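Note that the sequence shown covers residues -23 to -1, 1 to 159 in mature numbering (1 follows the signal peptide of the UniProt record, and there is no 0).
Any given hint could be a false lead.
[Stated by the list, open to error] In silico lysine-lysine, PhoX-like type, Cα no more than 25 Å apart, as pairs: (1) K126 x K21; (2) K88 x K126; (3) K43 x K21; (4) K88 x K49; (5) K43 x K88; (6) K49 x K21; (7) K88 x K134.
[As the list claims (entries may be wrong)] The following label-pair restraints were derived from C-beta to C-beta distances: (8) V23 x E132: 26 to 32 Å; (9) R68 x S124: 15 to 21 Å; (10) E95 x D36: 21 to 27 Å; (11) T79 x K21: 29 to 35 Å; (12) C133 x D36: 20 to 26 Å; (13) D15 x V112: 27 to 33 Å; (14) A145 x D16: 35 to 41 Å; (15) E95 x C133: 21 to 27 Å; (16) Y47 x I130: 20 to 26 Å; (17) S20 x E109: 39 to 45 Å; (18) G73 x R136: 17 to 23 Å; (19) V94 x I130: 16 to 22 Å.
In case anyone wonders, no lab produced these hints; they're calculated from the structure. On a predicted model such as this, the values are computed, not experimentally measured, just so you know. For every residue, glycine included, the Cβ atom is placed at its ideal position computed from N, Cα and C.
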Amino acid sequence: MRTVLRLIAGTCAALAFAGSAHAQFAGAAGGNIELYADDAVSSKGVTTLTGQVDARQDDVRILADKMVIYSKPSSTGGTPSVGTAAGDIERIVATGNFFYITPTQEVRGDKGVYMAVEDTFEVTGNVILTQEDSVVRGTRLIYELGSQKARVISECKGRQCGRQSRVAILIKNTPQAAATSS
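All chains, full assembly: derive it from the sequences and hints.
Take a look at the structure:
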């Protein structure tokens, strides 16, 4: 049953994304987007995917419990229609067990918001960024897809916050790191 729903969800969402969606959430990538979910509903420029959502583009994956995709209004002022260029992605909101996975990085948190104009993902809630052997934790992460720059932010500032509320960075001492420092 899930396979059929995946096909339906993928088809509905692919129609809603027709046009420029192919280069959106993977930065400079240009491949097609594959979407899988238990359920999909699309109406008036908003596509909602629920249940084990899995979005893939080239070697980038986004996982979440729910994903809502907002399309730009058409140039004539109307609502975007499914399958037209007016359905370009404006914003994606992924909630519940959010993961953004590439071959070299993994970002996880409670919620991820992609903004097309800024070409950024903002991840909030128990954020963990893993890159190679390094781990960064915080309450909020802003990730610029084009430049691949990440900024981790903590809601609390100063020593009185304790270790859990601040940005925490773990850089593992690897043989590769030791070889480059000598």
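Comparing the hints with the structure gives:
1. K126 x K21: violated (34 Å)
2. K88 x K126: holds (19 Å)
3. K43 x K21: Status holds; Cα separation ~18 Å.
4. K88 x K49: Between K88 and K49 the Cα gap is close to 21 Å, so the pair holds against 25 Å.
5. K43 x K88: Given pair K43, K88 holds - Cα atoms ~10 Å apart, limit 25 Å.
6. K49 x K21: holds (10 Å)
7. K88 x K134: holds (22 Å)
8. V23 x E132: 26 to 32 Å: Taking Cβ atoms as reference, V23 and E132 lie about 30 Å apart, which means the hint holds.
9. R68 x S124: 15 to 21 Å: About 20 Å separates the Cβ atoms of R68 and S124, which means 15 to 21 Å holds.
10. E95 x D36: 21 to 27 Å: At roughly 23 Å between Cβ atoms, D36 and E95 fall inside 21 to 27 Å, so the hint holds.
11. T79 x K21: 29 to 35 Å: At 32 Å between Cβs, range holds.
12. C133 x D36: 20 to 26 Å: violated (35 Å)
13. D15 x V112: 27 to 33 Å: holds (31 Å)
14. A145 x D16: 35 to 41 Å: With a Cβ separation near 37 Å, A145 and D16 satisfy 35 to 41 Å, so the hint holds.
15. E95 x C133: 21 to 27 Å: holds (25 Å)
16. Y47 x I130: 20 to 26 Å: holds (24 Å)
17. S20 x E109: 39 to 45 Å: The hint (39 to 45 Å, Cβ to Cβ) holds, given that S20 and E109 are roughly 42 Å apart.
18. G73 x R136: 17 to 23 Å: violated (33 Å)
19. V94 x I130: 16 to 22 Å: holds (21 Å)
Violated hints, listed in ascending order, are 1, 12, 18; each of the other numbered hints is respected by the structure.
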